[in-house]
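Q: Position chains B and C with the ligands against the provided structure of chain A, taking the given hints into account.
This is what each chain is made of:
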Amino acid sequence: MARRIEIKDLDIHYGRFCAVRGVTLSVPARSVTAFIGPSGCGKSSVLRTLNRMHEVVPGARVEGNVLLDGEDIYARDIDPVAVRRTVGMVFQRPNPFPTMSIYDNVAAGLKLDKRRLKRSELDDVVLRSLRAANLWDEVRDRLHKPGASLSGGQQQRLCIARAIAVEPDVLLMDEPCSALDPISTLAIEDLIGSLKERYTIVIVTHNMQQAARVSDRTAFFTLAGVGQPGELVEDGDTQQIFGNPRDRRTEDYISGRFG
Amino acid sequence: MAARVRVAAPEAAPAPDPAPVPPLRLTGSGTARADRLFAAVTRGAGGFVVVLVLLVAGFLAVKAAPALRVDRVNFLTSRTWDVAGHRFGIVDMLWATVTVSAVAMVIALPLAVGVALFITQYAPRRLARPVAHVVDLLAAIPSIVYGIWGILVLAPLLRPVQDALGSAHWIPLFGNEGYSTGTIFDGGVVLAVMILPIITAVARDVFERTPVAHLEAARALGATRWETIRLTVLPHGRSGIVSGAMLGLGRALGETVALYLILSKPPAGPFSPSLFAGGETFASKIASNAAEFSTPTQTGAYLAAGLVLFALTFVVNAVARWIARRGDAA
Amino acid sequence: MNATLGARRRAADRTATVLITGCFLLGLVPLVWLLYTVASKGWHMVVTSEWWLQSQRGVGFRDPGGGALHAIVGTAEQVALCAAISVPVGLLVGVYLVEYGRGTFARVTSFAVDVLTGIPSIVAALFVYAVAITTLGGQRAGWLVSLALVVLMLPVIVRSTEEMLRLVPDELREASYALGVPKWKTVVKVVVPTAFSGLVTGVLLGVARVAGETAPLLILVGYASGMNTDLFAGFQASLPGMINDQFVNLGSGGQAYGLDANGNRVPIHNFAPDRLWGAALTLIVIVLVLNLVARLAGRRART
Ligand SMILES: Nc1ncnc2c1ncn2[C@@H]1O[C@H](COP(=O)(O)OP(=O)(O)OP(=O)(O)O)[C@@H](O)[C@H]1O
Ligand SMILES: [Mg+2]
Chain A
1 MARRIEIKDL DIHYGRFCAV RGVTLSVPAR SVTAFIGPSG CGKSSVLRTL
51 NRMHEVVPGA RVEGNVLLDG EDIYARDIDP VAVRRTVGMV FQRPNPFPTM
101 SIYDNVAAGL KLDKRRLKRS ELDDVVLRSL RAANLWDEVR DRLHKPGASL
151 SGGQQQRLCI ARAIAVEPDV LLMDEPCSAL DPISTLAIED LIGSLKERYT
201 IVIVTHNMQQ AARVSDRTAF FTLAGVGQPG ELVEDGDTQQ IFGNPRDRRT
251 EDYISGRFG
Chain B
260 MAARVRVAAP EAAPAPDPAP VPPLRLTGSG TARADRLFAA VTRGAGGFVV
310 VLVLLVAGFL AVKAAPALRV DRVNFLTSRT WDVAGHRFGI VDMLWATVTV
360 SAVAMVIALP LAVGVALFIT QYAPRRLARP VAHVVDLLAA IPSIVYGIWG
410 ILVLAPLLRP VQDALGSAHW IPLFGNEGYS TGTIFDGGVV LAVMILPIIT
460 AVARDVFERT PVAHLEAARA LGATRWETIR LTVLPHGRSG IVSGAMLGLG
510 RALGETVALY LILSKPPAGP FSPSLFAGGE TFASKIASNA AEFSTPTQTG
560 AYLAAGLVLF ALTFVVNAVA RWIARRGDAA
Chain C
590 MNATLGARRR AADRTATVLI TGCFLLGLVP LVWLLYTVAS KGWHMVVTSE
640 WWLQSQRGVG FRDPGGGALH AIVGTAEQVA LCAAISVPVG LLVGVYLVEY
690 GRGTFARVTS FAVDVLTGIP SIVAALFVYA VAITTLGGQR AGWLVSLALV
740 VLMLPVIVRS TEEMLRLVPD ELREASYALG VPKWKTVVKV VVPTAFSGLV
790 TGVLLGVARV AGETAPLLIL VGYASGMNTD LFAGFQASLP GMINDQFVNL
840 GSGGQAYGLD ANGNRVPIHN FAPDRLWGAA LTLIVIVLVL NLVARLAGRR
890 ART
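In order, the protein sequences belong to chains A, B and C. In this text, residue positions in the first sequence follow my numbering: the first is 1, and each later residue adds one. In this text, residue positions in the second sequence follow my numbering: the first is 260, and each later residue adds one. In this text, residue positions in the third sequence follow my numbering: the first is 590, and each later residue adds one.
One chain only, chain A, in its complex shape (with noise of 0.2 Å):
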């Protein structure tokens, strides 16, 4: 059940540092957002806000608002547990449990949660699952085989499965790309292609071309300088992002002219 996502002014602290400042963005259900800018502007700790992941570093501290279908995720009452089990995330990189068999590794965040599913159940969600990661035709003989045993490409599917088995509403994606070779990448985009039908998808990428092949939308963040809050330049559709950008610094990233 794909959500929207609204950010409202929102500052992310470590400690005393000041990492991001200011953000507000609208994230449309059913949709693939992209973050780009350059490193160290803060579009992982905006990503990792989405789902409250920000707060187990020490020292993290967000002020703003974020909602999930007009629902305060940072308010009072709210349980960071629950909120991470809507929102799903995926790292850059690959970081399958490395005790667990792939089987268990998909089937992971149910066996670890309050209620218990019978063996059919679990057996059904992993099918479905490894099918919608693209990676069930690959391991169906090998499903008890540690899911390190897997290739680079096929663990990060394989942590694509296990993310989306506890059937989140929204996906965030920490450039999933980043460690994989070009076919993985493009398994993974395909992948992302797919599941945006069900899914609301943030992804932060570092290459201009697959923000420009997977999103719809482009959010794209700068830092004045070293030591400087990061900030949001502009979000829009990706193709007026890409093809006629509003503000210069945009215009000269995604151009190469950047610093």
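Among the clues, some could well be false.
Claimed, not checked - Okay, derived cross-link-like pairs now, DSSO-like style, lysine-lysine, Cα gap no bigger than 30 Å in a straight line: (1) A/K111 <-> C/K774; (2) C/K778 <-> A/K145; (3) C/K774 <-> A/K118; (4) B/K524 <-> C/K630; (5) C/K774 <-> A/K145.
None of these hints come from the bench; they were simulated from the model.
A: Relative to the frame of chain A, chains B and C with the ligands by itself:
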């Protein structure tokens, strides 16, 4: 179910608008309480350790107090230890503890530095690991085994060394006290063997972390292997050597059973500073007098001795940690 | 560089090489020597089945026979009780310091663990004596030894747990959080299993460390030459206790005397040294095997 799989296929047509979106449920579902409980349990375990340390110090102090109150001599400056007569002075024990540890340090420290240098700088890469493990095994051997080996096998063979050093008997430390085996010297040599792996392990650790750039700079200047060690490895590893030595010293001061078996009990008489005399350290004296723990006062005297030993090892270990931490920061 | 300086430098280098290699060889001498002594003097005891099946009940130093079973059982029981307390508490403290520990209380805890690490075994034993016997009026028994051993084993477990948990990459924790798994379940089901073989190493090293510990025995339990499986009452043997007991039986020079048929004093075989070295060998083998298994487990943890 089947519909989902179809939707996930790359070329699938956009799904018809799904049923009305179910409401979000993001409020607490009890996990927060389980989380707090688990955190509290681990914190409680931490608290247990803190309380344990306080109890150790507290109990020793409280139970030692009555003995110190009836002490007829000065606890810290008297040589007399006469439990029945309520005379508790720790000077002899302190002297034995310090000298036996000093002998151990004098022997073990240079040796340990040499062993650590060999393992890190001289041994072929493939050999270094197994060799390091073998040295670590020395640390695993129980001290009672060192004790029986020390007194039954090693001490008789140390006689000639003792006699040779004893020819310099005008040095008070080397005075001849007519002991054959079971001297402070014997104890110190066995202790040296016991603390060697401790000091080696710490020294090896810091030697291994000598910055490669420094090593290469020295070699580029045409330094020989020894000069490289003198110019880079040793200066870099100084804090490690010192903190390793302090750790070894802490262990030596508190060693009980090996010395309990090795050291001969000296007869009452005038004080001898000689290493070639018997003696009793704090730990060995407490261990060999468990039978005297009859009244609270008598037990208290030994608890007081134990408290001094605790304080001594605490200070030495604290210094070791402090030096190691400063070394890490640098 | 003139030639004489070059020669001197080379000579210094060679001297250093010789000295350092010499240090190393000298450092190995005691290990080899000690192991050889114990093995050569003790092996003929431990290869008999009697050694593993019988106690020393009613066996004097003049009499052949008897074994070390009572001591092995005593050591096993005392160490098992100690581990049953130290391992869970130590693991929890390690988890606290790595996963939750921030701020003053964590620093105090870590400092307390440092203090425990340095406590001499005799002080631990005295502490238990002061509490259980002087204050509470209890009797000496095996379980008090276990309590003293807890003081010695706990810091070993905590430090190794800490080290192993810190090796678990944060990415795995984050992956788990991102699935909506609460923190405590992440620790229990993801972090601890990932570090498992390393944790086993720590536990085994801790067990090895306390199995040979003797000081607490000397003041917290009497030695029984027969089998006593009751940790909570009566005297109880253990391997270090048995070594100590046989040491007392050595007499001077290990020589024993008996009376022959005519009532004359004659030298006879003293069995105490055999049992002394036999028990020492048994103890060393147990401790070294624990160490080896621990290191093998540890190697698997790192790859
Ligand atoms: N855990 C942290 N602790 C302190 N500062 C952090 C932490 N993580 C990020 N920062 C700081 O916050 C700022 C934004 O970092 P962030 O990782 O969000 O940037 P990014 O846009 O994702 O960069 P990249 O493209 O290199 O991944 C940086 O200045 C960074 O140094
Ligand atoms: Mg980033």
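Q: Given the hinted pair C/K774 and A/K118, is their alpha-carbon gap at most 30 Å?
A: 20 Å, holds
Q: Between the alpha carbons of C/K778 and A/K145, is the straight-line distance 30 Å or under?
A: 19 Å, holds
Q: Is B/K524 close enough to C/K630, meaning Cα to Cα at most 30 Å?
A: Holds: B/K524 and C/K630 sit about 27 Å apart, inside 30 Å.
Q: Is the hinted pair C/K774 and A/K145 satisfied, with a Cα-Cα distance of at most 30 Å?
A: 23 Å, holds
Q: If you draw a straight line from the CA of A/K111 to the CA of C/K774, is it 30 Å or shorter?
A: 11 Å, holds
Of the numbered hints given earlier, the model fails none.
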